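Colleague: Model the placement of chain B on the given structure of chain R, informed by the hints.
So the protein sequences, as listed, match chains R and B.
For the first sequence, position 43 (counting from the first letter as 1) is numbered 129 according to our numbering, and the numbering increases by one without interruption.
For the second sequence, position 54 (counting from the first letter as 1) is numbered 140 according to our numbering, and the numbering increases by one without interruption.
Read the hints as simulated data drawn from the structure, not as lab findings.
Hints are supplied without guarantee of correctness; some may be wrong.
You can't tell identical chains apart in this list, so a pair holds if it fits in one copy or across any two.
[To be verified] Lysine to aspartate or glutamate pairs mimicking EDC-like chemistry, simulated, CA-CA at most 16 Å apart:
1. Lys94 / Glu177
2. Lys137 / Asp105
3. Lys127 / Asp88
4. Lys127 / Asp90
5. Lys137 / Asp117
6. Lys147 / Asp90
7. Lys147 / Glu98
8. Lys127 / Asp117
Please read all numbers here as calculations on a predicted model, not as lab measurements.
2 protein chains.
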Amino acid sequence: MDPDTVAKAFVEHYYSTFDTNRAGLVGLYQDGSMLTFEGQKIQGAQNIAAKLTSLPFEQCKHSITTVDCQPSGPAGGMVVFVSGNLQLAGEQHPLKFSQMFHLMPTQGSFFVFNDIFRLNYA
Amino acid sequence: MDPDTVAKAFVEHYYSTFDTNRAGLVGLYQDGSMLTFEGQKIQGAQNIAAKLTSLPFEQCKHSITTVDCQPSGPAGGMVVFVSGNLQLAGEQHPLKFSQMFHLMPTQGSFFVFNDIFRLNYA
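Next comes chain R alone, as it looks inside the complex (with noise of 0.2 Å):
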């Protein structure tokens, strides 16, 4: 399959997880995995999922806007950029954000190695 659409299918998958089934993300993290949200470091799959079901709204939806990725050395990796709105429930105006992932390959799948999160507080 190619990049794109590995970049394409990931990004369905995290943001419809994060949407339904927040607590489902942990299992897209490994122990060495690091998220940075909001200029915030975290590390490890607990303690990344527990981040991210601990912010505080109940529901979201968020709608992409564009995906680009690229393959991101010899081990086989991909960096995948996202930009889109985050719509939380109760708000009347979406949030614009960006972020990037890095994902390396695991067991015929991929896993998050680096995560960033920003708010571009359109």
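Modeller: Only chain B this time, still in chain R's reference frame:
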């Protein structure tokens, strides 16, 4: 030097070069380097520099809002995620942008292996 210090120094160097001597950016890329600029894929230092120097504006000024970085794996690279504003000469309002770099070590320094740039159309 800690990764955050390296990332900030790289980012300052990159954008000051972009704003004052865009052709000089060629030295930050290598033959295997990739740029995705607003969805357009370009490979190789010469092609990337040709793209950046042919952008349809003469003068610009980048202002950085956030810089996040993480080590990208055992090969000694790092991912750097930037958000900021891009002021074009003659335009009233700056454009918001997000950009990610994957830096890889080379001879005591770093070069850009992956580069993805997007305007946020705020």
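Colleague: Does the structure break any of the earlier hints, and which numbers would those be?
Modeller: Violated hints (numbers, rising): 1 and 6; every other hint is consistent with the structure.
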